[in-house]
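Top line first, the protein sequences correspond to chains A and B.
Under this note's numbering, the letters of the first sequence match residues 1 to 307, in that order.
Under this note's numbering, the letters of the second sequence match residues 1 to 328, in that order.
Just so you know, not all the hints are guaranteed correct.
Stated by the list, open to error - Distance condition first, Cα-Cα at most 20 Å in a straight line; then the derived DMTMM-like pairs of lysine to aspartate or glutamate:
1) K133/A <-> E217/A
2) K122/B <-> D95/A
3) K112/A <-> E205/B
4) K122/B <-> D35/A
5) K122/B <-> E244/B
6) K122/B <-> E205/B
7) K112/A <-> D216/B
8) K112/A <-> D35/A
9) K122/B <-> D92/A
Note that these hints are calculated values from the structure, not bench results.
Predicted, not measured: the structure shown is a model, and the values here were computed from it.
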Amino acid sequence: MSTSLLIVQILNGLQLGVLLFLIAAGLTLVFGVMDFINLAHGVQYMLGAYLAVAFCALTGSFLAALMLALAATLAFGLLLEFAVFRHLYDRDHLDHVIATFGIILFLNHGVKLVWGAAPLSLPIPELFSGSVKLADGLLYPVWRLVVIGSGLVVAVLLYVLVAHTRIGMLVRAGATNAAMVSALGVNIRRLFMIVFGFGAMLAGFAGIMIAPILSVEPGMGDTVLILAFVVIVIGGIGSIRGAFLAALLIGLVDTLGRSFSVDILRLVMAPSPARTVGPAIASMLIYLLMAVVLYVRPTGLFPAKGR
Amino acid sequence: MSASLAASLPRPRGVLLAGTLPACIFLVLALVPIMALSGGSYLVSLGSRVMICAIAAVALDLLIGFSALISFGHAAFIGLGAYAVGILSAYGISDALVSLPTSLAVSAAYAFLSGVVCLRTKGVYFIMITLAFGQMAFFTASSLAPFGGDDGLTIAARNTVAGFPLLRSDRVFYYIVLLCLLGTYLFCRALVGSRFGRVVRGAKENAVRMATIGFDVYRFQLATYVIAGALAGLSGFLLANATEFVSPAYMSWQRSGELIVMVLLGGLGSLDGAIIGAAAYLLTEEWLSGVTEHWKVIFGPVLVLIVLFARGGLIGLTRAVVRRFSRG
């Protein structure tokens, strides 16, 4: 019983980790390459979920909704880059924070205006509904496995893209020294735009995939954004590999902490205070982890080279 | 870089403007309850709220504007100060002579403990680690089941001062808040102008050079961080008394973000700017939320436009306008 619970929670942790990776990948690239703090990355994730719900209602097919929502988040990311962000690249970090904070306010309430404040839900595609039997007495929803799988596939694709293609080479070079890349004759503005649009699309993809599990509501991007920042800071800014490992670490620590903190604390203290203290410790566990990591390694676990 | 250096140097021409602006601000603030004499308790309480926020914003400006330490967890110190009042009064201790020093001490202590760790990091890592400590305080507060947990804690009555119910009257409370703001402002101004402040500002421009001259930059920054934390604790003490309620929401990261926006809105590195920014933010919020329920849809793009077109915040904007007119 206890081992099966452990396995389920590990899978849940992996699923959260994969989700965080999809969001953190774009965030860390935008940050690493352009030195741009994009707080509005979380609303891209929220937008992906909302668009998936809207397109699914329109077309009736999850696959069509997925494609349309991906295209729409990409287009929206490019639009934001074109209209606002490209004017801010050579500004202070603080200007980034305030402008993207404004965009968060706008979009969080914009979706409320368009779709209402009540949470929406997206049905799980029929092909992947139901549960699969992993072991005796251990059922696990298929869709969650699909989320984990698709996240891992994206991670592999991203690795190939960044490590073995020309554009990936430029991105890595840009993360190390953008001015030098520009001086060598690469259109850095276009590179920025591609990275930004791609990052926005990844965040949108995360939102679409998670929409059938979570309720789709305004502000759903905010918590995830903070977690994604924790991930990229622990992983080392600009490092995809760091983001991947840190995302899995955070996903597992957070999920396992939440499910087992009370039980573990009961070993050392009375049940009633354990029930009070447990959830608190579980919620702050990842922040504690981040503080410790930064104390020991002030630039994260896997800092991108040259930074 | 050169612009911020120029801003930190003494400006003989700008002295008049630098002196009159804060005087005007405090004069207006002092006149609010008098102008609102006819049934304006709403204005008085709104004014108190603005000034309480302004205290925290001035403290944050000390960090962001003068030391380049972008703290994303400043709301935690406000919350800690407020919780000190709430928890003490839950135990029946409701005198400001006890709760005010406790608020300041709790916030300062947390600032010291977190600062020791945070100040090891730089730049974005500093932003994120202060956020982490802010979140830890937030989750601790929401798990305090005996003191309301997520729902917060209602305070039976405002603090007494040495046994006298001085804070009960909204108008008296308003002027006490005004005095606190004035004290904070003058204190920060003196601090910035002192030798201590010059070291901190020097470290903002070039920490390595400052260290080479022989200053232990870390200690100076830690002291600044603790001072800013304690001042935010003062703001929290007043906030708890103003609302007679404390809640974990006071410490949420959105609150910290709002504080940064206030400071930026007013203009970095000018303490009057922080007050103006806090007032502009809260009054715009109040006004727009009266116009439409979806005020944030308007407010968000306004922020973006300010960043794009009004560099240096409202203070920068007024300076530019004044300069244009004074040149004729």
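Verification of the hints:
| no. | hint | verdict |
| --- | --- | --- |
| 1 | K133/A <-> E217/A | violated, 31 Å |
| 2 | K122/B <-> D95/A | holds, 18 Å |
| 3 | K112/A <-> E205/B | violated, 43 Å |
| 4 | K122/B <-> D35/A | holds, 14 Å |
| 5 | K122/B <-> E244/B | violated, 38 Å |
| 6 | K122/B <-> E205/B | holds, 14 Å |
| 7 | K112/A <-> D216/B | violated, 50 Å |
| 8 | K112/A <-> D35/A | violated, 31 Å |
| 9 | K122/B <-> D92/A | holds, 15 Å |
Hints 1, 3, 5, 7 and 8 from the list above are not met by this structure, while the remaining hints are.
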